[in-house]
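Asks: Sequence:
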Amino acid sequence: MKRPFFPVGISFLTAMAVSFSFGVFGGVGMLLLLLPLALVLRGESRRVLGLVLAAVAIAGLLFQGHLWLRFEPAARLDGQTLLFTGTVLEREKAGRGERYQLKGRFPQVEGVGGTAIQLTSFSGWNLLPGEEVEALVELSALSFDTAWGRSAISRGVYLAAEPVGEPKIVPIPSHPVEGRLARYRWELGQRISSAVGGREGALCTGMALGDGGLLSREDSRAMRGAGLSHLLAVSGFHLVVLTGLLRQLLNKFRVKKRWKIPLLLALTWGYAALLGFPVSIRRAAVVFTLSLLAEAVDRQADGLTSLGVAALLIGMIDPFSAGSLSVQMTFLSSLGILLWTGPVVRFLEGRVLFFLGPRLPRVRWAVEAFALSLCAGLALSPLLAYHFGVVALYGPLAAVFTALLVPLALGATAVLALLPMAEPLAAPLARFAAAGILQVAHGVSSLPGAVWPAGDGAVPLVFAFAVALLMFLALAEAEGKTVRLAALGLAALLFGVLSVEQILSAGTIRQVGMEGWDGLVLLRQGRAVVVGSPGGASSGERLCDLLDRYGVEGLDLLVLPRKAEGTGLDLLLEEHPAACIVAAGSEEYREGLAGEAQVIPYGPMEIRLLGEGRLFLLPGGEVRVEREK
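Numbering-wise, the sequence shown is residues 1 to 629 according to the UniProt record's numbering.
Source of the hints: derived by calculation from the structure; they are not laboratory data. For each residue, glycine too, the CB sits at the ideal point set by N, CA and C. Hints may be right or wrong, so weigh each one.
Derived DEER-like restraints, expressed as beta-carbon distance ranges [as the list claims (entries may be wrong)]:
hint	residue 1	residue 2	range
1	363	134	50 to 60 Å
2	358	432	28 to 38 Å
3	584	422	54 to 64 Å
4	105	258	43 to 53 Å
5	439	293	16 to 26 Å
6	258	177	27 to 37 Å
7	423	363	54 to 64 Å
8	359	420	20 to 30 Å
9	257	418	17 to 27 Å
10	420	586	56 to 66 Å
11	588	422	58 to 68 Å
12	191	293	29 to 39 Å
13	366	136	26 to 36 Å
EDC-like, lysine to aspartate or glutamate: derived pairs with alpha carbons at most 20 Å apart [unchecked claim]:
hint	residue 1	residue 2
14	252	295
15	260	295
16	260	298
17	256	298
18	257	298
19	256	218
20	257	295
Can you build the whole structure from these sequences, using the hints too?
Replies: Quick look at the structure:
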């Protein structure tokens, strides 16, 4: 048996505490690394990592408590119209227009650097990633996105912005490296999409580069409902598939280890650089690098230790990253896979599929695909239910059906990207695999109960129980009987509680909101009531995404307490037609809204909804929701 490589546990608690001190105290934090590292390099990993989720919670509290350290200088920008200069980093389709992600600064404002804004255009700006632009923007709905933080000193701030006029392209680059990578990434995506063609090309581009904006709303909704939306968010799964394919190729040609490992490392970090080093890829790259280093010295890498090292490095780069949903999701899914996949596979092979006997190895790939999806889904279910209110019930089933198609699609897309001369062979393979994935997504998402709404009351209970049980699992022996029983107990309790809550909450009205918007959304069984206008284009896109997330098929009622116009309202009515509209304003304005909807003048009235809620519309636009006795 090989000796363990780096045979120590890395505690998330220590990692986040160290990285937080590094972020607050700057260079002094480097000296503070010595003592914590001496403490970290002790203990056995499976026991030390019992603190993993406690650390996430503590770091989240630190994130909330010290928010002013990061965002106070930007708070005074809310509601102002300012000049923004920066680099176009991303460009994606947004309904009938295009959405742009830009990073730069506001020249008139001191103390705010590394700022990111998002602009949506319906007038054909045709900006390309990598171009430097000046844009006059009206800042509204101040919000924050930690994913833009590149260092502890210059942290990213996300501002919801509406453009005032058309951006002007300026010749002097301020972020040449990021701009060139963004331009190359966009050109590569265009080449892949054009070579594969159609819906399949959009899916291949999304899977390879994480650009899901090219997919239609129908395909995006199907991927989400089938539990396959993770394929469009590039993560360690994609890296494992691509490096696995390269490893198989190198083994076939009997490449020696001293050349194999550098080639795999080059692919790992080159792919991460191409994508702009998102958190999920950074985590996977660190873990995979430690695994390759262990292989180089004939040692055995420990998955939990590697995951802890990744947390330490990512936390040092951005100590507030624990407050990011994407960081929580990527580490929680990895933890579920590391702790549960082995016991689940052994349970399925020994207790469920034992009758296959010697034929079992032939279907082991399907068993492993099912177990990976199930374990990641179980670990993520409380988090997804808490933030999005839904759970994709048939995700493991879709994972089995796409287990062979996904590597084929990614491999053919990689060949297409690296070797353009191989397009006649690679493009049909990618098209075939992507078509199969879309077919599975639409088929699975159309099954009854595919998207499972989770009632508000169950989520905190399930989440708290999952945290406690995961901590217990991390303290237990990974191969022990206790772990298998606890994992199965978590699955039963998780879905049992959600089932009871779903039965108890069936038919009730759920109220949700959207950051930076003073409106109201009421949801019930695939239908919705929207009070308030989204106004600008970006707000309209966000509202449509919110409705899609909860599986809303149409609006029973749209209430506009004041006259509202703009591309956001047009987009909302185009994507989610309303059966009835209550609107303020002139008769001519209301006629322009009509279409196939019934339009009623706004005024003092009471509208009673089917279910247990009442919506009262009062003079002055006040909205109140009450429960029936």
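Asks: For each hint, tell me whether it holds in the structure or not.
Replies: Hint check:
no.: 1; hint: 363 / 134: 50 to 60 Å; result: holds, 59 Å
no.: 2; hint: 358 / 432: 28 to 38 Å; result: holds, 32 Å
no.: 3; hint: 584 / 422: 54 to 64 Å; result: holds, 60 Å
no.: 4; hint: 105 / 258: 43 to 53 Å; result: holds, 46 Å
no.: 5; hint: 439 / 293: 16 to 26 Å; result: violated, 41 Å
no.: 6; hint: 258 / 177: 27 to 37 Å; result: holds, 31 Å
no.: 7; hint: 423 / 363: 54 to 64 Å; result: violated, 34 Å
no.: 8; hint: 359 / 420: 20 to 30 Å; result: violated, 42 Å
no.: 9; hint: 257 / 418: 17 to 27 Å; result: holds, 23 Å
no.: 10; hint: 420 / 586: 56 to 66 Å; result: holds, 58 Å
no.: 11; hint: 588 / 422: 58 to 68 Å; result: holds, 60 Å
no.: 12; hint: 191 / 293: 29 to 39 Å; result: holds, 34 Å
no.: 13; hint: 366 / 136: 26 to 36 Å; result: violated, 55 Å
no.: 14; hint: 252 / 295; result: holds, 18 Å
no.: 15; hint: 260 / 295; result: holds, 11 Å
no.: 16; hint: 260 / 298; result: holds, 14 Å
no.: 17; hint: 256 / 298; result: holds, 14 Å
no.: 18; hint: 257 / 298; result: holds, 11 Å
no.: 19; hint: 256 / 218; result: violated, 47 Å
no.: 20; hint: 257 / 295; result: holds, 9 Å
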